[in-house]
Amino acid sequence: MQEADSGNLDRRLADLKLVEGLAACGFAGPLYVDFSTEMVRYGMSVTEAWLYSGRIFTLLNERGIHLNVSAWEAQRLRDDPEAIGDISDIAVAMAWHKFDERALRGGEWKATGGATLSTYFMGRVIFEVPGPFRQWRRQLHKSAEHDPHEDQLGDRSRLGLDPAVQAADDCAMHMVLDLLPEIQQQTILLKTAGYDHGQIAEALSLPSARAVEGHVRRAKKKIREYLDVRGEARG
Amino acid sequence: MNMDEREYRELLGRSSLGGDAARRLRERTPRSDSPSTEGNLALAPYGRTDYDRYARLYLAARAGDANAQRTMITELNELLWRAARRSGLDRESAADVVQIAWLRLWRLENELYQPRAVVKWLLTTVRRESWRVAGIQRREIPSDPIELPESPVEGPGPAEYSDQEREAVRRAFLAQPERCRRLLAFVAAFDRPDYDAIAEALGMKRGSIGPTRGRCLDRLRRTLLDDPAWNGGADSDTTD
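Note that the protein sequences, when read in sequence, are chains X and G. Note that the UniProt record's numbering numbers the first sequence so that position 130 is 130, with each residue one more than the last. Note that the UniProt record's numbering numbers the second sequence so that position 18 is 18, with each residue one more than the last.
So here's chain X without its partners, still in its complex pose (with noise of 0.2 Å):
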């Protein structure tokens, strides 16, 4: 994923070299099944990542679909891992057999190209999204028809926690993190998930960790001035 990387020619080199051996074998036995595990491993782990930081509406909005999510949405896409790995699942299984007729068989993937055959696979897996998405959206609102306190709370709302200090804590989350230009605030929710700082890099299309510190800490400044300034202004 990291196109700027000065590697990027040679990667693209030994991922040509990688096609042709998988070409002479017929795209079938071992060698090839364990490619399609790791490609498709890639392919789910950089997704849950996209789909946990907001990235994917992104890539989304920049290639002309536009899912209009809203930050309750996000936050309860956030705060259910089960349907990120369904919908990844679901996005990859499908962008796999595309991938594997059409890029790999079908020679569409070209090393002149310009992109790597991860990044190629990655923009295949950005179409399937999409669809998996929608229906955990549909199903999402149907619950919160069952249960109208969580179209307010989620399933914090469960906690037994009073629901105005969890209304204000989502509230300055959100506070917080619209402070931040989307990259930074993707950077920082990734961050705050356990990812390191090459995992965010790689999956961000970042060029290097150096640049995701570099993200972190002008988020985490900014974070600070706007705390102190509300500091002041109670005190």
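Note that these hints are calculated values from the structure, not bench results. All of these numbers come straight from a predicted model, not from anything done at the bench. Incorrect hints may have been included.
[Claimed, not checked] Examples of chain X residues lying across from chain G (beta carbon under 8 Å, computed):
#	residue
1	Asp15
2	Lys17
3	Leu18
4	Gly21
5	Glu38
6	Arg41
7	Tyr42
8	Ser118
[Unchecked claim] Derived pair list, reagent style DSS-like, types lysine-lysine, alpha-carbon separation capped at 30 Å:
#	chain 1	residue 1	chain 2	residue 2
9	X	Lys191	G	Lys205
10	X	Lys142	G	Lys120
11	G	Lys120	X	Lys98
12	X	Lys98	X	Lys17
13	X	Lys17	X	Lys110
A virtual CB, placed ideally from N, CA and C, is assigned to each residue, including glycine.
Starting from the known structure of chain X, fit chain G onto it as the hints suggest.
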């Protein structure tokens, strides 16, 4: 000339999948080449459900093969039951919902348009039916925003704990972090919890389940002791 394993590994390492960060990302999705890491569910080589196999079993069952039908039910029941439980149903309701999903599948007039989707079809049916049942159960209990639904995990009966104490335990449980709640729920839901399945489902190392469980129980205990309702319940016990 065909590529050999050594050459393949070397190329994969230099390819776009081979970078350090890409490798660590891949490792977030568990890989399993054995067919028994997700309950009894058959897994494809890349560690996910083997949809082709279930498509074949489904078509065979539709054609009257009782063995194929039995195999599907044996292998998928636990997965479906867990899905129903995760939707907040108690054990009995979860079992009913799973039965309904199977009945609907076998009673379909036409076979599924995409047999490979049979597992997802069953899961979706179970979840929808679970939400429907949970909705009915919720409507049956008048509640305000703070009132909690009945615990999905069965606990000691009323003879052993007072309502106040059970309420305090439930409140303490629900106040734990998501990770702890899922782990404790898993451990509580099975008589003999399968640590491999828990590790797989929760994305934890097998060796860390025991210590994490201990820490979670500790937290739960502390939360409980801080709750005046629990202490009140304990006092009332001692005065009896």
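Cross-check of the supplied hints:
1. Asp15: Check passed: Cβ of X:Asp15 comes within 5 Å of chain G, closer than 8 Å.
2. Lys17: With a closest approach of 5 Å, the X:Lys17 hint holds.
3. Leu18: Holds. Min distance 4 Å.
4. Gly21: holds (3 Å)
5. Glu38: Interface hint status for X:Glu38: holds (5 Å vs cutoff 8 Å).
6. Arg41: Constraint on X:Arg41 satisfied, holds at 4 Å.
7. Tyr42: holds (5 Å)
8. Ser118: holds (4 Å)
9. X:Lys191 - G:Lys205: holds (20 Å)
10. X:Lys142 - G:Lys120: holds (19 Å)
11. G:Lys120 - X:Lys98: It holds: about 20 Å lies between the C-alpha atoms, which stays within 30 Å.
12. X:Lys98 - X:Lys17: Distance of about 21 Å is within 30 Å: holds.
13. X:Lys17 - X:Lys110: Given pair X:Lys17, X:Lys110 holds - Cα atoms ~11 Å apart, limit 30 Å.
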